[in-house]
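Peer 1: Listed below, chain by chain, are the residues.
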Amino acid sequence: MKAIMTVSAHDRVGIIASVCTLLSDMGVNILDLNQTVMQGIFTMTLLVDTSTSTHTFDEIRSAIIERGESEQLTIHIQRTDIFDAMHKV
Amino acid sequence: MLNISDIMQTVSMIDHQHLDIRTITLGISLYDCAHSDIKTCARKIYDKICMKAEHLVEVGNEIEREYGIPIINKRISVTPIANIAASCESEDYSVIGHALDDSAKTCGVNFIGGFSSMVQKGFTNSDLRLINSIPETLSSTELVCSSVNVATTRAGINMDAVAIMGRIIKRTSELTAKNDGIGCAKLVVFANAVEDNPFMAGAFHGEGESECVINVGVSGPGVVYRALKDVKGESFDVLAETIKRTAFRITRMGQVVAHAASERLNVPFGIVDLSLAPTPAQGDSVARILEEMGLEVCGTHGTTAALALLNDAVKKGGVMASGHVGGLSGAFIPVSEDEGMVAAVNEGSLTLDKLEAMTCVCSVGLDMIAIPGDTSADTISAIIADEAAIGVINSKTTAVRIIPAPGKKAGDTVEFGGLLGSAPVMNVKSESAHEFIARGGRIPAPIHSLRN
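Chains as they are written, first to last, in my numbering: chain S, 23 to 111; chain X, -1 to 450.
This list has only true hints and no planted wrong ones.
Below, in silico cross-link-like pairs of lysine-lysine (BS3-like), each with a Cα-Cα straight-line distance of 25 angstroms or less:
id, chain 1, residue 1, chain 2, residue 2
1, S, K110, X, K313
2, S, K110, X, K314
3, X, K313, X, K242
These are computed hints drawn from the structure, not numbers from a lab.
Next up, chain S with everything else stripped away, as it sits in the complex (with noise of 0.2 angstroms):
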């Protein structure tokens, strides 16, 4: 499954190499990424293949959700799906 995640926080240094490292850890294949910082806030988007994990979607996202909580960081995961079509015509 392709996924959307998207990560915001405030900008210090390591926020890249934690979460990629999580998902380097379950598996997840990343495809693509961006990243700027605005106002001090960091925010990144990736693009992921969740399929190239032996991991389950939920698996992935409790994953996700707890080292954002830990980390403070605001991280969502979502299927592509939903972006296409708010925003393709």
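Dock chain X against chain S, hints included.
Peer 2: Same frame as chain S, but now just chain X:
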């Protein structure tokens, strides 16, 4: 990959602007549950609903997690019970009401609609039995919703039914007096009821519907409100276009969810209903959208025009976004469920008369309005008659969901809790309509009903 700002816009709509799927409603036909013994009929109904809706909540939760969109309610609508119970040799249909309530609890849904009857032209014996069972059923169940269609543009207005429903609303309120008459919050009197409405309390699975169907209701007043903030001072053309674009996006989201639910439950997709349905939460109000258009407070002069523009633009945006747009699609104006409406009533700007005018152009009608407990049944019937007339003449759905709050007078407040919110008790006219309602019979269908 998608544009980063588009992605963040969607996330922000969900996180900060209350964008959600308001309901996934599974419509279930109960025609094969008819039986002369009412207990057997009730058992068959319970069994069928539990079988068909077994996975509804689980699938709803699964979609919620995968798509990251809150799905607030999972609900069930069924064939109008007056049709199913017609062959039962029993006067009291509350037995079936309890079976509906039990099945809803077993399936984990938060409402079940369809304790209903269609009497726009006349009553069958079964219709009368069902209507007379409404007060007892709504006071002894938690999740059952009831609706009665008393008028259509084709048939005119059944004024006998209008008269009866005034008394039924009063009785329902009396039986639920301990909770400020909350039974009436689960009872809708319709004109031109639609058969595929996924929203409660008026949802039922119409006669023309298939065995089972998935209908999805999407909401998002907060998203429209936020979008309008960006076009402050612009012309109405820009305003309408902005609402259309926003409605399109929201409905597309509903379409994706509807298809996912339909596929996973192996049930055909029916319609997406994009209705701006407010909640008592701050920032989720239809009244605040109207005020954002430039009105000092909702209910002042200009409100009807603002609502007309909103309702129409929502429909136009939605219709492009889904293969099948249906239900009520437009803007709801329930008073107790809308923080801005409550504030406008408390300020004295929004009155029952103005709300009635607004129902000419909104997608439903007088909704979640508390009135003094000593309001007579005739006056309630007269309010229903006015509302039905608006629906019949304008070929639109109108409805009355009105709560006479026992022991309360105008200016008091009633608390319903949860999504139903709290409502200021509104003033009604004290002059009688008794002789008008006592006439009985039918108000004929308007001339434009003769379209063949």
